[in-house]
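Chains A and B supply the protein sequences, listed in that same order. Numbering follows our numbering, with no gaps: position 5 of the first sequence is 5. Numbering follows our numbering, with no gaps: position 55 of the second sequence is 1055.
In case anyone wonders, no lab produced these hints; they're calculated from the structure. Any given hint could be a false lead.
Using C-beta positions, here's what the derived DEER-type ranges look like [stated by the list, open to error]:
{"hint": "1", "chain 1": "B", "residue 1": "A1049", "chain 2": "A", "residue 2": "E23", "range": "30 to 38 Å"}
{"hint": "2", "chain 1": "B", "residue 1": "F1142", "chain 2": "A", "residue 2": "G71", "range": "15 to 23 Å"}
{"hint": "3", "chain 1": "A", "residue 1": "Y73", "chain 2": "B", "residue 2": "S1126", "range": "29 to 37 Å"}
{"hint": "4", "chain 1": "B", "residue 1": "N1067", "chain 2": "A", "residue 2": "K13", "range": "28 to 36 Å"}
{"hint": "5", "chain 1": "B", "residue 1": "E1023", "chain 2": "A", "residue 2": "E23", "range": "41 to 49 Å"}
{"hint": "6", "chain 1": "B", "residue 1": "A1136", "chain 2": "A", "residue 2": "H139", "range": "48 to 56 Å"}
{"hint": "7", "chain 1": "B", "residue 1": "N1037", "chain 2": "A", "residue 2": "T38", "range": "47 to 55 Å"}
{"hint": "8", "chain 1": "A", "residue 1": "G71", "chain 2": "B", "residue 2": "Q1143", "range": "21 to 29 Å"}
{"hint": "9", "chain 1": "B", "residue 1": "Q1143", "chain 2": "A", "residue 2": "Y73", "range": "35 to 43 Å"}
{"hint": "10", "chain 1": "A", "residue 1": "S135", "chain 2": "B", "residue 2": "H1139", "range": "47 to 55 Å"}
{"hint": "11", "chain 1": "A", "residue 1": "S126", "chain 2": "B", "residue 2": "I1051", "range": "26 to 34 Å"}
Note that the Cβ used here is the ideal one computed from N, Cα and C, for glycine as well.
Each chain, letter by letter, is given below.
2 protein chains.
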Amino acid sequence: MDQVFDDTFYMKKALDEAQIALEKGEVPVGVVVVAKNTVIARAHNLTEALIDVTAHAEMQAITAAANTIGGKYLHECTLYVTLEPCSMCAGALYWSQISRVVFAASDPKRGYREQGTILHPKTAVSFGVLANEASALLHRFFQQKRD
Amino acid sequence: MDQVFDDTFYMKKALDEAQIALEKGEVPVGVVVVAKNTVIARAHNLTEALIDVTAHAEMQAITAAANTIGGKYLHECTLYVTLEPCSMCAGALYWSQISRVVFAASDPKRGYREQGTILHPKTAVSFGVLANEASALLHRFFQQKRD
Chain A
1 MDQVFDDTFY
11 MKKALDEAQI
21 ALEKGEVPVG
31 VVVVAKNTVI
41 ARAHNLTEAL
51 IDVTAHAEMQ
61 AITAAANTIG
71 GKYLHECTLY
81 VTLEPCSMCA
91 GALYWSQISR
101 VVFAASDPKR
111 GYREQGTILH
121 PKTAVSFGVL
131 ANEASALLHR
141 FFQQKRD
Chain B
1001 MDQVFDDTFY
1011 MKKALDEAQI
1021 ALEKGEVPVG
1031 VVVVAKNTVI
1041 ARAHNLTEAL
1051 IDVTAHAEMQ
1061 AITAAANTIG
1071 GKYLHECTLY
1081 VTLEPCSMCA
1091 GALYWSQISR
1101 VVFAASDPKR
1111 GYREQGTILH
1121 PKTAVSFGVL
1131 ANEASALLHR
1141 FFQQKRD
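Isolated chain A, as found in the complex (with noise of 0.2 Å):
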């Protein structure tokens, strides 16, 4: 029997979100956000469809997340998302301080550990949670950008 409620069970739904992304011709990465075992905000890229730069996913999930949630803060939340922030996402996470952060596929050019930022000291981190699944879906991206 599957356990639903696994890190696992959860990535998948933010992979969801990153194929519909992939289908939309946006850089394929897909978030969900957890309270109580129930997703309570889900977002995929829409940096081309919005002309906006601020539309990764982080940042729509976090905002809808606070939205259900009635307020900014975004305690006992788990954000899944399958590539690891970038600067940018990661600062908004800081502010949110957020509890936990599960990324899939590293980011080791773009990712805010290589570019230094810091998440909030409240927020633990996972990541490599269906890595290989999340590294595929932006392979499978950017090969069809080349062709």
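Here the structure of chain A is known, so what remains is to put chain B in place on it, guided by the hints.
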């Protein structure tokens, strides 16, 4: 005769935005984005009103400027902001590839320089323009909060 199109001129407009934020009970930070001597976007911090940690003045102004331009890159634009950007906003400015950022007051605690976040290599930076005026607004806000 005044030199109306210098940095002080535009930073005064950013201070006007910060003043509006103060009157709304928001942390008083204001922004204008200028292209070809024209203000193409203006914004002030709205994190309390929107219940959204991502609603910093810079984030809104980047989105608005891109909307005005009809493209997501802010090449040949200058963003004037009354306080040194945080990591989130610096990260957004990075993605925008903006030509120039001018900030008034430094933020030794939450500013992007202290946090280690980098701007785009194409982005020139100036600071200190009307820094005392910008700091005075911030002090006034935090004094009111304490009283």
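We went through each hint and held it up to the structure:
| no. | hint | result |
| --- | --- | --- |
| 1 | B/A1049 / A/E23: 30 to 38 Å | holds, 35 Å |
| 2 | B/F1142 / A/G71: 15 to 23 Å | holds, 22 Å |
| 3 | A/Y73 / B/S1126: 29 to 37 Å | holds, 34 Å |
| 4 | B/N1067 / A/K13: 28 to 36 Å | holds, 30 Å |
| 5 | B/E1023 / A/E23: 41 to 49 Å | holds, 45 Å |
| 6 | B/A1136 / A/H139: 48 to 56 Å | holds, 52 Å |
| 7 | B/N1037 / A/T38: 47 to 55 Å | holds, 51 Å |
| 8 | A/G71 / B/Q1143: 21 to 29 Å | holds, 25 Å |
| 9 | B/Q1143 / A/Y73: 35 to 43 Å | violated, 24 Å |
| 10 | A/S135 / B/H1139: 47 to 55 Å | holds, 48 Å |
| 11 | A/S126 / B/I1051: 26 to 34 Å | holds, 28 Å |
Comparing the model with each earlier hint shows a violation of hint 9 alone; every other hint is respected.
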